[in-house]
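**Student:** Protein chains in written order, with our numbering: chain A, 1 to 282; chain B, 1 to 282.
Among the hints, erroneous ones may be present.
[Unchecked claim] Which residues of chain B face chain A? A partial, calculated answer using Cβ under 10 Å:
| no. | residue |
| --- | --- |
| 1 | T6 |
| 2 | V9 |
| 3 | Q21 |
| 4 | L197 |
| 5 | P201 |
| 6 | P204 |
[Unchecked claim] If you want the footprint, here are the derived chain B segments under chain A, 3+ residues with CB under 8 Å:
| no. | stretch |
| --- | --- |
| 7 | 22-31 |
| 8 | 42-52 |
| 9 | 71-83 |
Treat the hints as calculated values from the structure; they're not laboratory data. Glycine included, every Cβ here is placed at the ideal spot set by N, Cα and C.
Protein chains: 2
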Amino acid sequence: MQITGTTRVFMVLGDPVSQVQAPQLFNPLFERHGVDAVLVPAQVPRERCRAFCGEVLAAGNIDGLWLTIPHKPLLLPLLDRLDRHAALAQAVNAVRRNADGSLEGALFDGTGFAQALRQFGFEARGRRALLVGVGGAGAAIAAALLDEGLDLLALADLGERARELAHALAPHAAGTRVEAAGIDPAGFDLVINATPLGLKPDDPPAVDPARLDAGATVVDILMKPAGTSLLRACAGRGIRAFPGFEMLVQQVPDYLDFFGLHDAARAVEADLSPVRALLHAK
Amino acid sequence: MQITGTTRVFMVLGDPVSQVQAPQLFNPLFERHGVDAVLVPAQVPRERCRAFCGEVLAAGNIDGLWLTIPHKPLLLPLLDRLDRHAALAQAVNAVRRNADGSLEGALFDGTGFAQALRQFGFEARGRRALLVGVGGAGAAIAAALLDEGLDLLALADLGERARELAHALAPHAAGTRVEAAGIDPAGFDLVINATPLGLKPDDPPAVDPARLDAGATVVDILMKPAGTSLLRACAGRGIRAFPGFEMLVQQVPDYLDFFGLHDAARAVEADLSPVRALLHAK
Chain A
1 MQITGTTRVF
11 MVLGDPVSQV
21 QAPQLFNPLF
31 ERHGVDAVLV
41 PAQVPRERCR
51 AFCGEVLAAG
61 NIDGLWLTIP
71 HKPLLLPLLD
81 RLDRHAALAQ
91 AVNAVRRNAD
101 GSLEGALFDG
111 TGFAQALRQF
121 GFEARGRRAL
131 LVGVGGAGAA
141 IAAALLDEGL
151 DLLALADLGE
161 RARELAHALA
171 PHAAGTRVEA
181 AGIDPAGFDL
191 VINATPLGLK
201 PDDPPAVDPA
211 RLDAGATVVD
221 ILMKPAGTSL
231 LRACAGRGIR
241 AFPGFEMLVQ
251 QVPDYLDFFG
261 LHDAARAVEA
271 DLSPVRALLH
281 AK
Chain B
1 MQITGTTRVF
11 MVLGDPVSQV
21 QAPQLFNPLF
31 ERHGVDAVLV
41 PAQVPRERCR
51 AFCGEVLAAG
61 NIDGLWLTIP
71 HKPLLLPLLD
81 RLDRHAALAQ
91 AVNAVRRNAD
101 GSLEGALFDG
111 TGFAQALRQF
121 GFEARGRRAL
131 LVGVGGAGAA
141 IAAALLDEGL
151 DLLALADLGE
161 RARELAHALA
171 PHAAGTRVEA
181 AGIDPAGFDL
191 VINATPLGLK
201 PDDPPAVDPA
211 RLDAGATVVD
221 ILMKPAGTSL
231 LRACAGRGIR
241 AFPGFEMLVQ
251 QVPDYLDFFG
261 LHDAARAVEA
271 DLSPVRALLH
281 AK
């Protein structure tokens, strides 16, 4: 990668930022596909998020931002346009400056999840899903699942969050019943953990594995190389279960498309194996 | 170069920015000397310079800025500290955030020039110098030449600029007479072009080459691969004349030192030939 004065610049914002994987993933993809661009990290404190983004996106060659914790929901008041999932989940993964100077945000976590489901061979139409955890990533997944033709989308979380999100999403859910629920996974075809439970070694599983239907599909979106307690329990029972890895893989062409790098997006989409190799190398 | 979430970020600001050479120079040096850092360009409009710098330097991993046209003089009101040359010339090449949060600026154009003179074997002590053009780079060179023990530093420019700078510098010039002058180079041991005259192919030389002393040393700080009309005229008369190249080379360790990369600075200073090779490759 040769950075010059003509190189387009992207930034990934977080606080902390040392854990981000986007630079190690996208910079090699830029190089492989002949895109003169670079993605660099920026550790931006929560309270400076809007001012920082407003200034850097006014620079002529800084074309967009990746956003991670805690910035995903903070930028909304700054944005002129949101895609449908961002508007529903009230969070963005990425922000770009359009040619007319307007700022536009998009959310890919949910579409990445839905694409990963297809990759797993899971047919969502007419099925019953339980989503545990409706924070940032959970809300994104819930918004995207509205488009997948589920019969029931049940949302579980602490306090009123699940009920509030169900209330907000229900008017946009064509044929899908959206409702708040408890964390009992019995009777569901698809069970998703979008809570942080499982990040620490001694965390209990987010749902009781013994209560899972034998034919259920389980996705735990946490990224843990050794797998979470939930994934291990599923393996023990012979239940199909997947980590969050493929959800990240499937979003990569969406980011490239969003930033106008359509040729690179098509090339990456046609063969995602280099993306998987780059993410596995982390 | 592998950019990760732990990589320190530097930016070079200009408007335009496509012509900057700092990324092609410093990124390979970072890699060669094991510095986990990256330098990227930022095209920042003049009127947003201060807001942009204030925001990006508040980010936890953005450690400093390189400044080029038109930003060198604009940042001064934002800075808590200046080195002596920056204060005298009222311009900065670089800004860093110190550990206490204060912003500090420094100017290296002049020290680079003075070091280049030594590299050329020119002994400044007791000699007479004519500096034509006292804009950004010229003022930096004038400030640095105050430390070189010249007998006379004559400044030439349009309007009142040379007189004003001479007036500002005179109190700081220990044994050197500083005065405004015309552009006749006769009688000077050192003649410096710091005007843009020579950038365009049909520009006349900034001074009349026929009036140069046969033993004079001439430096034209413009970077033109084919040489300027002044340099070519000097070559025709057998007068020692140098382009601005070495002035850039000699500044490189100063930038690294300023940004706290002392080991890299010492290694680069010990052998500047890779720097010359990288700059020649442009």
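**Student:** If a hint holds in the structure, say so; if it doesn't, say that too.
**Tutor:** Hint by hint, here is what the structure shows:
{"no.": "1", "hint": "T6", "result": "holds (5 Å)"}
{"no.": "2", "hint": "V9", "result": "holds (5 Å)"}
{"no.": "3", "hint": "Q21", "result": "holds (7 Å)"}
{"no.": "4", "hint": "L197", "result": "violated (24 Å)"}
{"no.": "5", "hint": "P201", "result": "violated (23 Å)"}
{"no.": "6", "hint": "P204", "result": "violated (29 Å)"}
{"no.": "7", "hint": "22-31", "result": "holds (count 3)"}
{"no.": "8", "hint": "42-52", "result": "holds (count 7)"}
{"no.": "9", "hint": "71-83", "result": "violated (count 0)"}
In terms of the numbered hints stated before, the structure departs from hints 4, 5, 6, 9, listed from lowest to highest.
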